[in-house]
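Q: This is what each chain is made of:
There are 2 protein chains.
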Amino acid sequence: MKIGANYLGGDRCEFIVWGPNIESLGVQIVSPEERFLQMEQEDGYWKVVADNIPPGTQYLLELNGGETRPDPASYFQPHGVHKPSQVISHEFTWNDGDWAGVPLDAMIIYELHVGTFTPEGTFTAIIPRLADLKELGVNAIEIMPIAQFPGNIPPDGSCAYRNWGYDGVYPFAVQNSYGTPEELKQLVAACHQQGISVILDVVYNHFGPEGNYTSNFAPYFTQTYRTPWGSAINFDDAHSHDVRHFFIENALYWLREFHIDGLRLDAVHAIYDLGAKHFLAELAEKVREFSERQGRKYYLIAESDLNDPKIIRPKEVGGYELDAQWSDDFHHALHALLTGDSDGYYQDFGKCEDLAKAYRDTFVYDWKYAPHRQRFHGSSARDRTDLAQFVVCIQNHDQIGNQLLGERLSKLISFDALKLAAGAVILSPYIPLLFMGEEYAEEAPFTYFVSHSDPDLIKAVREGRKQEFAAFHAVGDPPDPESSKTFLGCKMDWEKRQEGKHQVIWSWYQKLIQLRTTVPALIKKERNSIEAGADEQQKIV
Amino acid sequence: MKIGANYLGGDRCEFIVWGPNIESLGVQIVSPEERFLQMEQEDGYWKVVADNIPPGTQYLLELNGGETRPDPASYFQPHGVHKPSQVISHEFTWNDGDWAGVPLDAMIIYELHVGTFTPEGTFTAIIPRLADLKELGVNAIEIMPIAQFPGNIPPDGSCAYRNWGYDGVYPFAVQNSYGTPEELKQLVAACHQQGISVILDVVYNHFGPEGNYTSNFAPYFTQTYRTPWGSAINFDDAHSHDVRHFFIENALYWLREFHIDGLRLDAVHAIYDLGAKHFLAELAEKVREFSERQGRKYYLIAESDLNDPKIIRPKEVGGYELDAQWSDDFHHALHALLTGDSDGYYQDFGKCEDLAKAYRDTFVYDWKYAPHRQRFHGSSARDRTDLAQFVVCIQNHDQIGNQLLGERLSKLISFDALKLAAGAVILSPYIPLLFMGEEYAEEAPFTYFVSHSDPDLIKAVREGRKQEFAAFHAVGDPPDPESSKTFLGCKMDWEKRQEGKHQVIWSWYQKLIQLRTTVPALIKKERNSIEAGADEQQKIV
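Chains as they are written, first to last, in the working numbering: chain A, 638 to 1178; chain B, 638 to 1178.
No lab work stands behind these hints, which were simulated from the structure alone. Treat the hints loosely; a few may be bogus.
If chains are identical, the list can't say which one is meant, so a pair holds when it fits in one copy or spans any two.
Below 20 Å or equal to it, Euclidean Cα-Cα: the simulated SDA-like pairs (lysine to any residue) are [stated by the list, open to error]:
{"no.": "1", "residue 1": "Lys1103", "residue 2": "Trp1131"}
{"no.": "2", "residue 1": "Lys923", "residue 2": "Trp1004"}
{"no.": "3", "residue 1": "Lys1048", "residue 2": "Ala904"}
{"no.": "4", "residue 1": "Lys1005", "residue 2": "Ile885"}
{"no.": "5", "residue 1": "Lys1176", "residue 2": "Glu651"}
{"no.": "6", "residue 1": "Lys1161", "residue 2": "Ala687"}
{"no.": "7", "residue 1": "Lys923", "residue 2": "Asn853"}
{"no.": "8", "residue 1": "Lys771", "residue 2": "Ile1160"}
{"no.": "9", "residue 1": "Lys1162", "residue 2": "Gln823"}
{"no.": "10", "residue 1": "Lys923", "residue 2": "Tyr1006"}
{"no.": "11", "residue 1": "Lys1048", "residue 2": "Val1112"}
{"no.": "12", "residue 1": "Lys1138", "residue 2": "Ile1160"}
{"no.": "13", "residue 1": "Lys952", "residue 2": "Ala973"}
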């Protein structure tokens, strides 16, 4: 069942909404001119096909003859999370017919946040920078989540929307402040022309706290589990097959309509599913089937805090069979060594042997007692011999954002140490991920920023942020996450890349990537080709 | 770390209590004469070794110089859940040195509830009945949980304690109203002498609602998950290794000290653990190690509502590697066919093909949509070719108790149908489980009974019970679970087995068991030796 407002061409549109517990549902056309379309229900899905619905038509859904809500499967929210949804035509002239994608084991991933990567903060503004990224050696960009999130327009009308992206509430809707669906397609097409793959970060473990009306429609949530961000999504309770369908359709939507090459699945440890077939296993099956139909490989890469190779193991040995997963232990081991940080989760790291083990075994915690977690953690990944199944970094949005002032590594360690860190990650046998600006030692912070309209929520976010840092024994307060100044301060200064030490680092990254892609010993990414040891006295790995 | 009051002989005793967040802990000796023993802490465990502590000494634990509580790892609660714990000597003259146990694939299991199996409701009273069970052909008894549960002594002093056993709050303490630890050992020894294995039902998914003081000592619970019976036990959060240790020690305690042959793990679907090594996998490892050390096999059998063969698959293919699991689909398919019941979970059954599939594939729901659950359910078990890994029944405590009046099958279907049902289960390729009295068509009900002291809890239980039946569209009220009359009405009338139709059924069961254990085609329990089909018109399987 294809959910959403499916434009059929010729101003004809089919609206399909999942709403098993609704008595009556209709489409309230808001513009170009008001109309009401009564929907009919079958098996929990409401449907109506109507003429005179040109692309750009805005609509709300009227529940039980009363309140109106945007469409949970909206493809576009031109005026934000509380306002009407918009009918979109997915017609687009693609020019990437012979695009085969970058193989996972060859990827150099560049994580970027649309809102702060450029002064404009749009998809379109990214395009002119692709050639530079290509010149650096990057061949995949990973875009932080772009599902529509809330934003409170300030009195001066500026920068209403600011969010890392993890507060999205319309998983199918391209964030309006970043551009239109069409503009995202233009970005993807431009990437493919440059030989760059596009990975999209998607959030299937929670909805953001503002503008989420899904519960008016259906049991998207379960009370059996709780995530750190509120109610858990219903992946294994009554009606879960339709919730699973919603997210599987979402994954395929990005691959099919936007030619996205792979998905980075946010925090899969908070996708609670104790049923006999885990949602991730089903998602992976469906994406594999799609890959087969399309004749090229689409990737699923999990962010996971479980250190559990089950996520990437083949189905035959009980795995979910995703293609790859992040391994934060590499980051933590390296960061603790280089900075000396020992608060919060860095408490579990700090020895040279930790980094040696991260190279050798991937997971430093492989069912070993972790003092910070106060429990045994992880499982051995040594049976995963293809090391291209793991993505590592020396910084990413989370690791930078978890610093009190959002300091990048460039503000924490010396110039020489920075070069060492770059070598450690780029020449590693894993897939390296760079965080935007890392390649030229950008010094602007990347701190947590949001924009909500509910005063209680704003207060709760501010307080929560302070409490998080208390766990790190940080002195002082973090920047106000609700302030637009905080957001603007995170914008990158792209011109720096051609100046002084920034230029030196840029060239250094370029050289390292050249080495990685040309030296035979570095191309091979097999576990049995790795040896690593440590000398704590001499601080040698 | 051996938790509890470990009697060392010579009136010397070592007390060890897990209490990571306690400031100060001491043992308050209550009898024979009052004394206070200050404990010392190391790594979260409090310890003291003292002399002049003969077996029978009663004690409480004094927390932070204030309130006193029984020991969470108490080995005996002679006066119930709120009163002092008792030091136990585990010295016992065993005479089962050459006992090798009954192999799983040869087991005929007989489930019994100590409190209602005999008029006395004690371990000791079971012993004279073993010879009869043996004559019937039973070679394993499965004892419903015996961990200390609460009981409210009524004004006349009679039958204070009545509980199915799933409200236990001292997992190491033998229920005082059933007898002493020594008397349980006598029962096990008598069983082994008769060639009968003993399986003990243990509850590792929740604690009962009254008399559970564990949270005064340590984080036994997690807030991440919720079970249908309240807080979930902390198997994967901070300090979970000590909680896991508590339950693993418990499992080994029954095997080691009581010579129990196997454990039936209650409702493993409510053991929430999303860490990289599931608690059940760790428990199975530890029990396998114990089996190897002892030179004989101890069994773990899961009750699971997941229809997930992962529970019994080998570790190499991602399984937890338990020995066997219950398969309720067999029961539901047969019950729905024989009774015509179609309410509640019977809604998902009723076709002859369901029973044929239960024979052929074990799980009727193997990732098939289940209308009652309103979701897809289960996973194929066809790769589990040894059918002795599944335990099936035509009735058990739960299935009988879920009838409004606790009616056994003998009250629901005709005499001939009863014989048919017996044949269906005893001649099945799975391990059959009989519920006590089934073998002679006992007609006393087995309904839910409890005895709490907290008026609010009593009210909540009564209301909850009524609501459960509302789901079955049952007409009328269930018997009052808090009434001692309800409990007494569930006692079996053992003498019936020699009379009239009861005797006929008894002989029928005996004959069926003889067939099962002598006919070569019935001895083989491999999936590829099974063929089953159905004709819905003719009602043939």
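Q: Each hint needs a verdict: does it hold in this structure or not?
A: For each hint, the structure was consulted:
no., hint, result
1, Lys1103 to Trp1131, "neither (30 Å within a copy, 68 Å between copies)"
2, Lys923 to Trp1004, "between (31 Å within a copy, 15 Å between copies)"
3, Lys1048 to Ala904, "neither (27 Å within a copy, 52 Å between copies)"
4, Lys1005 to Ile885, "between (34 Å within a copy, 18 Å between copies)"
5, Lys1176 to Glu651, "neither (64 Å within a copy, 45 Å between copies)"
6, Lys1161 to Ala687, "neither (56 Å within a copy, 63 Å between copies)"
7, Lys923 to Asn853, "neither (28 Å within a copy, 48 Å between copies)"
8, Lys771 to Ile1160, "within (19 Å within a copy, 68 Å between copies)"
9, Lys1162 to Gln823, "neither (34 Å within a copy, 61 Å between copies)"
10, Lys923 to Tyr1006, "between (36 Å within a copy, 18 Å between copies)"
11, Lys1048 to Val1112, "within (17 Å within a copy, 72 Å between copies)"
12, Lys1138 to Ile1160, "neither (29 Å within a copy, 79 Å between copies)"
13, Lys952 to Ala973, "neither (35 Å within a copy, 34 Å between copies)"
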